[in-house]
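Undergrad: The chain contents come next:
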Amino acid sequence: MSTSSSERGVSLGMPELPAPDYPDDVRARLERDAREIIARYPDSRSALLPLLHLVQSEEGHVTRTGMRFCADMLDLTTAEVTAVATFYTMYRRRPSGDYQVGVCTNTLCAVMGGDAIFEALQEHLGVGNGETTDDGKVTLEHIECNAACDFAPVVMVNWEFFDNQTVDSAKRLVDDLRGGAQVAPTRGAPLCTFKETARILAGFPDERAGAVEATGSAGPASLVGLRLARGETAPARVVHPREGGPHDEPQDRAVHEPSPAEHLSSHDAPQDTSASDPAHPAGPVAEEGE
Amino acid sequence: MTLAPELKDMSPEKLLAPVLSAFWDEDRSWTLDVYRRHEGYEGLRKALAMSPDDLIAYVKDSGLRGRGGAGFPTGMKWQFIPQGDGKPHYLVVNADESEPGTCKDIPLLFANPHSLIEGMIIACYAIRSSHAFIYLRGEVVPVLRRLHSAVAEAYAAGYLGKNILGSGLDLDITVHAGAGAYICGEETALLDSLEGRRGQPRLRPPFPAVAGLYACPTVVNNVESIASVPAILKNGKEWFRSMGSEKSPGFTLYSLSGHVASPGQYEAPLGITLRQLLEMSGGMRPGHRLKFWTPGGSSTPMFTDEHLDVPLDYEGVGAAGSMLGTKALQCFDETTCVVRAVTRWTEFYAHESCGKCTPCREGTYWLVQLLRDIEAGKGVMSDLDKLNDIADNINGKSFCALGDGAASPIFSSLKYFREEYEQHITGRGCPFDPAKSTAWADHRTEVNA
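These protein sequence lines are chains A and B, in that order.
If you're matching positions, the first sequence starts at 1 in our numbering and goes up one per residue.
If you're matching positions, the second sequence starts at 1 in our numbering and goes up one per residue.
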């Protein structure tokens with residue numbers, strides 16, 4: 001027997017050694033945060049989901065060290081914590097990119113173009129589902145319905161909304177992310193990293209100036225019924241933030257604050273079809289790769 | 001009152017009734033200032049002037065029913081909480097909106113979070129609770145930011161904390177972000193998740209009203225149900241009952257999506273029809289016709305163009321063989337392959353099945369295998385009966401409604417579109433071109449011209 005079971009990647013009953021602890025300064029800081037989270041609940045175990053978000057904000061994924069920390073703080077076993085951490089899809093179990101790009105491929109978004117977008121991004125980035133680009137910037141995955149079907153097809157980056165995407169706009173989006181440009185969603189705040197997002201999910205408010213206000217009160221599709229009810233003739237137009245699809249004159253300026261990345265394209269003139277298809281941005285002028 | 005006299009008048013001003021969405025287009029609509037400018041927290045003052053029991057009776061009399069899918073009367077849920085039992089009581093708001101097609105609570109919380117907070121304070125006063133939770137799905141960080149901000153504003157203004165508005169009511173609200181699991185929208189799985197466990201449904205009874213969060217009496221309500229309460233208090237139950245029907249009174253958010261000209265949120269009295277919504281909003285996308293649609297998310301049996309005039313209230317949709325659900329009206333036109341749609345939904349249910357009940361865990365897995373084969377042209381005719389049989393073995397045989405939801409698209413698509421399944425089998429493949437279904441399918445030629 002020259003190779004041990006662990007060297008062969010097979011565990012034959014020898015328990016793994018306990019995970020190493022965080023460095024003292026990190027642990028002290030996380031303990032302060034953890035105590036604040038635990039104090040929000042009548043029963044400490046309720047803090048487990050936010051604590052897993054917290055350790056994810058430290059390392060970018062949930063490590064054995066992080067799970068041991070959660071177990072220590074809540075007086076649980078690491079087995080109990082692992083059982084929970086592996087149940088929920090938002091907890092990553094291996095190192096991943098700064099930006100998690102999730103393409104909705106549930107039925108409605110898939111049909112409306114999500115499948116085409118996901119396929120094109122895999123080819124464009126050279127990665128498969130759940131994989132990360134070599135530069136460590138983008139992790140691509142397909143996601144389930146994200147409650148934005150009236151903005152389909154939808155792409156989420158670090159759980160901010162990028163509505164009404166096309167193959168072209170999605171490619172440009174990931175290129176911008178990899179190139180280090182500041183990218184703003186259609187609904188949500190200018191992007192922060194995945195780790196910073198995880199801290200908000202742990203229950204620590206986003207302190208960045210303007211983060212709560214960003215992108216205004218509501219997206220255009222959220223307002224179509226309200227405008228019809230008021231007798232305003234045309235429903236809201238989608239002014240696409242990242243795509244040069246045909247636009248109408250932006251009637252919804254009051255609610256739509258253009259992001260820095262937004263530009264009005266040369267197709268601004270109203271078109272016959274857009275009158276009856278107002279909330280759908282048109283597709284790209286020329287679909288790449290077709 | 002019924003909607004019948006209004007059916008002839010198709011003008012949107014008459015058919016729609018924006019209440020929760022009435023000021024979503026205003027600058028900073030999510031803030032306390034704007035909410036108060038629209039008589040926000042006035043309903044709370046009226047509620048606090050009543051006794052808790054009278055308040056419960058008032059909400060019950062209004063006829064408000066749950067907007068999260070099942071349609072259970074909200075006031076009755078509150079009434080089930082045992083009083084004087086010496087245990088803490090909890091209110092848990094289900095903001096885990098994840099049902100495919102459903103997209104109403106997220107824009108509501110993004111644009112108007114204070115309507116939920118005010119409703120929660122009223123509900124907690126009624127059920128004698130001093131700690132409430134908002135269980136928000138984690139994948140919506142923009143909404144999480146606004147909830148953090150709105151709760152902080154409410155504390156600063158004295159609507160939360162100790163002795164609210166001098167009433168003696170103490171209340172804390174904790175905003176809790178989930179971590180990605182559809183099953184946590186099921187109320188008992190949600191409670192397990194909020195207790196820091198895997199989100200798996202519990203056997204009932206006991207119901208949450210008796211043994212819910214930490215085994216204490218707990219009310220679990222959908223976001224829209226609770227957010228509707230302040231308007232009922234402010235404007236009166238008669239006002240609320242003047243909309244909709246006897247058994248389904250009031251207003252609600254309808255979410256139109258898919259191959260329609262104007263997808264979006266439409267707030268209207270219960271009982272409006274899809275035909276009315278489509279006619280006022282520009283119909284299907286130009287040159288196409290409606291093929292199939294869901295009245296309330298993927299778990300509600302699908303409808304076809306035969307059902308355009310079904311009144312979209314609890315009784316109307318139920319009588320037509322489906323469920324009102326979340327009023328998520330996903331509309332698909334004739335370019336869409338129903339087998340592809342159902343396969344994708346079934347993959348979703350298989351992925352999201354928590355694994356607790358064997359019929360759901362195993363059944364959804366085998367449904368996916370069969371459907372993938374059929375879609376790829378590798379199915380045989382007997383597979384169709386097998387699909388039906390497996391769905392029948394899931395339906396009603398699991399702890400929670402996820403299994404029933406998984407069976408719905410199978411049953412209903414086989415009922416209305418069996419021929420299309422057969423085409424996939426006899427034709428050895430899918431006869432549809434997915435490119436024609438995309439949002440940009442019809443624009444390319446015009447733009448290139």
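No lab work stands behind these hints, which were simulated from the structure alone.
Where a beta carbon is used, it is the ideal one built from N, C-alpha and C, also for glycine.
Fair warning: there could be bad hints in the mix.
Unchecked claim - To give a feel for the contact side, a few chain A residues facing chain B, derived at Cβ under 7 Å:
{"id": "1", "residue": "22"}
{"id": "2", "residue": "26"}
{"id": "3", "residue": "82"}
{"id": "4", "residue": "90"}
{"id": "5", "residue": "91"}
{"id": "6", "residue": "177"}
{"id": "7", "residue": "221"}
{"id": "8", "residue": "228"}
{"id": "9", "residue": "231"}
Undergrad: Of all the hints given earlier, name the ones this structure violates by number, lowest first.
TA: 1, 2, 3 and 6
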